[in-house]
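S.K.: If you're matching them up, the sequences are chains Y and D in order. Going by our numbering, the first sequence opens with residue 1, and the numbers climb by one from there. Going by our numbering, the second sequence opens with residue 1001, and the numbers climb by one from there.
Derived from the structure by calculation, the hints contain no laboratory data. Check the hints yourself; a few may be wrong.
Simulated crosslink set (DMTMM-like; lysine to aspartate or glutamate; CA at most 25 angstroms straight-line) [what the hints assert, rightly or not]:
#1 LYS1135(D) x ASP1092(D)
#2 LYS1304(D) x GLU174(Y)
#3 LYS1275(D) x ASP272(Y)
#4 LYS309(Y) x GLU1144(D)
Computed beta-carbon distance windows for the label pairs [claimed, not checked]:
#5 ASP364(Y) x GLU1289(D): 52 to 58 angstroms
#6 GLY82(Y) x ALA1107(D): 34 to 40 angstroms
#7 LEU283(Y) x ILE1162(D): 42 to 48 angstroms
#8 LEU283(Y) x ASP1173(D): 38 to 44 angstroms
#9 SER1204(D) x GLY82(Y): 57 to 63 angstroms
#10 GLU294(Y) x ASP1278(D): 24 to 30 angstroms
#11 LYS292(Y) x GLY1347(D): 42 to 48 angstroms
So these bits of chain D aren't anywhere near chain Y, every CB distance computed over 12 angstroms [claimed, not checked]:
#12 ASP1013
#13 SER1063
#14 ASP1172
#15 TRP1246
#16 THR1282
#17 CYS1308
#18 LYS1313
#19 GLY1353
Please read all numbers here as calculations on a predicted model, not as lab measurements. Quick reminder that beta carbons are idealized off the backbone N, C-alpha and C, glycines included.
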Amino acid sequence: MKSKECIAMLLAGGQGSRLRLLTKNLAKPAVPFGGKYRIIDFSLSNCVNSGIDTVGVLTQYKPQVLNSYIGIGDAWDFHCYGSHGGVTILPPYEREDGGEFYKGTAHAIYQNIDFIDKYNPEYVLILSGDHIYKMDYSLMLEEHKKNDAEVTISVIEVPWEEASRFGIMNTDQEGRIVQFEEKPICPKSNLASMGVYIFNWGVLKEYLIRDAADKESAHDFGKNVIPRMLQDSLKMYAYAFQGYWRDVGTVESYWEASMDILDDQGCLTFFDNDWRIYSAPSLQAPHYISSKAEIEDSLISDGCAIEGKVEHSILFPGVFVGQESLIKDSIIMPGVRIGRRVKIEKAIIGENTVVGDGSYIGADGITVIEDSITMPENAQVGRLLRLKKKTKEEEEDVKELLG
Amino acid sequence: MKEVMGLIHHVKDEKAFRQITKNRCVAAIPFGGKYRLVDFPLSNMVNAGISNIGIITSFNMRSLLEHLGRGEDWGLDRKKDGLFILPTASIDSANNKRKVDLEDFYANLDYLEKSKQEYVLITGSNIVCNLDLRKVGAFHKKNEADVTIVYQDGYQFLDLDIKRGVYLQKDDDGRILAIEAGAPSPGNVVSMDMYLLKKSLLMSFIEEGEINGKWDLISDFLTSRVRDLRIYGFPYQGYLAIVNSWQSLFKHQLELLDSRVVQKLFNPKRMIYTKIKDGPPTRYCGGAEVCNVLASNGCVIEGKVENCIMFRKVKIGRGAVIRNSILMPKVEIGENVVLDRVILDKGVSVHKGTKLISQNEDPIIIPKNIKVREGSV
Chain Y
1 MKSKECIAML
11 LAGGQGSRLR
21 LLTKNLAKPA
31 VPFGGKYRII
41 DFSLSNCVNS
51 GIDTVGVLTQ
61 YKPQVLNSYI
71 GIGDAWDFHC
81 YGSHGGVTIL
91 PPYEREDGGE
101 FYKGTAHAIY
111 QNIDFIDKYN
121 PEYVLILSGD
131 HIYKMDYSLM
141 LEEHKKNDAE
151 VTISVIEVPW
161 EEASRFGIMN
171 TDQEGRIVQF
181 EEKPICPKSN
191 LASMGVYIFN
201 WGVLKEYLIR
211 DAADKESAHD
221 FGKNVIPRML
231 QDSLKMYAYA
241 FQGYWRDVGT
251 VESYWEASMD
261 ILDDQGCLTF
271 FDNDWRIYSA
281 PSLQAPHYIS
291 SKAEIEDSLI
301 SDGCAIEGKV
311 EHSILFPGVF
321 VGQESLIKDS
331 IIMPGVRIGR
341 RVKIEKAIIG
351 ENTVVGDGSY
361 IGADGITVIE
371 DSITMPENAQ
381 VGRLLRLKKK
391 TKEEEEDVKE
401 LLG
Chain D
1001 MKEVMGLIHH
1011 VKDEKAFRQI
1021 TKNRCVAAIP
1031 FGGKYRLVDF
1041 PLSNMVNAGI
1051 SNIGIITSFN
1061 MRSLLEHLGR
1071 GEDWGLDRKK
1081 DGLFILPTAS
1091 IDSANNKRKV
1101 DLEDFYANLD
1111 YLEKSKQEYV
1121 LITGSNIVCN
1131 LDLRKVGAFH
1141 KKNEADVTIV
1151 YQDGYQFLDL
1161 DIKRGVYLQK
1171 DDDGRILAIE
1181 AGAPSPGNVV
1191 SMDMYLLKKS
1201 LLMSFIEEGE
1211 INGKWDLISD
1221 FLTSRVRDLR
1231 IYGFPYQGYL
1241 AIVNSWQSLF
1251 KHQLELLDSR
1261 VVQKLFNPKR
1271 MIYTKIKDGP
1281 PTRYCGGAEV
1291 CNVLASNGCV
1301 IEGKVENCIM
1311 FRKVKIGRGA
1321 VIRNSILMPK
1331 VEIGENVVLD
1341 RVILDKGVSV
1351 HKGTKLISQN
1361 EDPIIIPKNI
1371 KVREGSV
């Protein structure tokens, strides 16, 4: 079998607990985003658009939705590569000497050394499935080769005041990484790691085997493998990415990135034919806007029927909005039914939930309503569910409040 | 309905659609914001579990073939049975007046012979409805019918389309007493161009046709044999559009702006499938005003749109006012354009400031890929 130059391994097993109710029933990469996509569409589309035809998707936390969504990868043309490439879902599995769950990001790749070896690649691209960005990985690979690097880590400039929230790369003038600091209190640089790595496969494999044998290690790329490589003075370079990139790991960042799509400046657009984001499309009928509806500054998907007012919001497929209702600054997931005289402000409504007539949802922060619940008429939700200063008991509150 | 195979016959009268059929056959005419006419009969068959379907095409078939592919969007790309393209026998389709042309079937006889199903369901490609064909099958068996014809009571054609209809007379038990093309029956019982019969019966018709050169299923066989054969009518009461002219194409698409019609036709229990196109959601910008609109994905709307059907990737510029129109895929409308009662075919662009208003009931048709400027139409 001929070898591949570069294959991608996409880490999609995380729970994403900071997304709270949004990841109650599915893994973070499967969370719907942008009116018809799921978060993982961005990484998968970037792979296809960058000419990477072999991707392993590592799953662990509640993988059913993700598994059936990815399928044979036909939405991204991955089915065209037959048995030599395409997309492969890689869950933890049992071996002769017993099996284990993935204990960390590095351990997940370690468990799949055989999968990677099958393609005998020169380089391995490690990706996370929870970022919103459009990136040409082939340019990064070119730079990796030009630098004759063993490791290249993609970085993005973040505002200095936010730098202490990220893993920060300190580099020399040639872009060679001299130090890596995870969430530094006093950052020396504002180059944040994007969680996109290119490794020479031979080098990575050696470090993964060593890391797996290390009883003290948390088996994490950021915490263990990368620092170890730096200690050993490998040739590690930073690749500065220019463009839009957001980690959507929290409800706030998820909501903000969603609202970025509605920004006319076009920092994140889906209407770009040169770098399309692919997804498995819905099969619903076109959407219907009634004569009583008003739509402003919004994204509306197939299968919606709108009789109320929608302002600066994103509606996924199959949403119904009743008469005299107002949806503002909100994200409405697939199949939600919103009754009449409902007001929803700055909220995320989970898939297939029914909002009864006359309800009010909204507060200072971002309100999240979980999926598949039926809310009574005239429900008032918001105050208790405020996520700005969050409390542990919120999920209980929802249940209590909604009976 | 594993024991039934489907045959979608080809509507010969392409001229009735003017420039809309210049680049496509009737089956491939865009309809309803994201579909093509053939999607409705195909989906009805697939939803009833029919998995062996042949489609007769005209010579103007490129667009249809592109749409159908290997049938994957209807779940018909299978090892056993699936979707079969059957080229027409009729070179001169413009002068072919047959309602259901058995010569087309004769030209593809080997396909019919090798198909294992006991029954054949024949339907036209221009019948827009959402019908549970399993019920037609059960009805056929219950009545021990030789032929079952699906009909609608009181269906109203546009005046100019009355001559294109096939009309039935029936008794109280649903037995068909007379079949007449072109002349309305009392009570206006309109055939929906759907026929269920045993394949062996169809084959015997074709054998006769081969001998005497008579090939029209309606006028050469069924009409004259209503007494010899047990022909029954199955009543269909749901939404129906028989699209047989450019005027009816316009009228019926605008009917979809009634939400009750949409709910009936796009019944989630029996979905209408079409070729999947992957586009972003539709973007309504700050200045957009939309009212009574059926719109597909990937549009960008900045102007005012009222009573319109928008297919995917339509762009409407600022200050534009578009009323009572059908905008097919990739239509681009410049700023301050005013349109009323216009069918804009695929890829048409209208230069800013242009005004196009139909002076009568009939719409203006702008053919595919035309660039319209003020004064050019």
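S.K.: With a cut-off of 25 angstroms on the C-alpha distance, tell me whether LYS309(Y) and GLU1144(D) pass.
M.R.: This hinted pair is violated, its Cα atoms lying about 54 angstroms apart.
S.K.: Is LYS1275(D) within 25 angstroms of ASP272(Y), Cα to Cα?
M.R.: Judged against 25 angstroms, a Cα distance of about 21 angstroms means the pair holds.
S.K.: If we take the beta carbon of ASP1013(D), is the closest beta carbon in chain Y still more than 12 angstroms away?
M.R.: Answer for ASP1013(D): holds, closest chain Y Cβ roughly 28 angstroms.
S.K.: Determine whether the Cβ-Cβ distance between LEU283(Y) and ASP1173(D) falls within the hinted range of 38 to 44 angstroms.
M.R.: holds (39 angstroms)
S.K.: Taking the closest pair, is the beta carbon of CYS1308(D) still more than 12 angstroms from chain Y?
M.R.: violated (10 angstroms)
S.K.: Taking the closest pair, is the beta carbon of TRP1246(D) still more than 12 angstroms from chain Y?
M.R.: Label holds. Min Cβ-Cβ 21 angstroms, cutoff 12 angstroms.
S.K.: Beyond 12 angstroms from every Cβ of chain Y: is that where the Cβ of GLY1353(D) lies?
M.R.: Per Cβ check, GLY1353(D) is outside 12 angstroms of chain Y; nearest 23 angstroms; holds.
S.K.: Quick one, are LYS1135(D) and ASP1092(D) close enough, alpha carbons at most 25 angstroms?
M.R.: violated (37 angstroms)
S.K.: With respect to the beta-carbon atoms only, verify the hint that SER1204(D) and GLY82(Y) lie 57 to 63 angstroms apart.
M.R.: violated (46 angstroms)
S.K.: Confirm or reject: ASP1172(D) is not an interface residue toward chain Y, with every Cβ-Cβ distance exceeding 12 angstroms.
M.R.: holds (37 angstroms)
S.K.: Need the status of pair LYS1304(D), GLU174(Y): alpha-carbon distance at most 25 angstroms?
M.R.: violated (54 angstroms)
S.K.: How does the Cβ-Cβ distance of ASP364(Y) and GLU1289(D) compare with 52 to 58 angstroms: does it lie in that range?
M.R.: violated (31 angstroms)
Checked against the numbered hints above, the structure violates hints 1, 2, 4, 5, 7, 9, 11, 16, 17 and 18; every other hint is satisfied.
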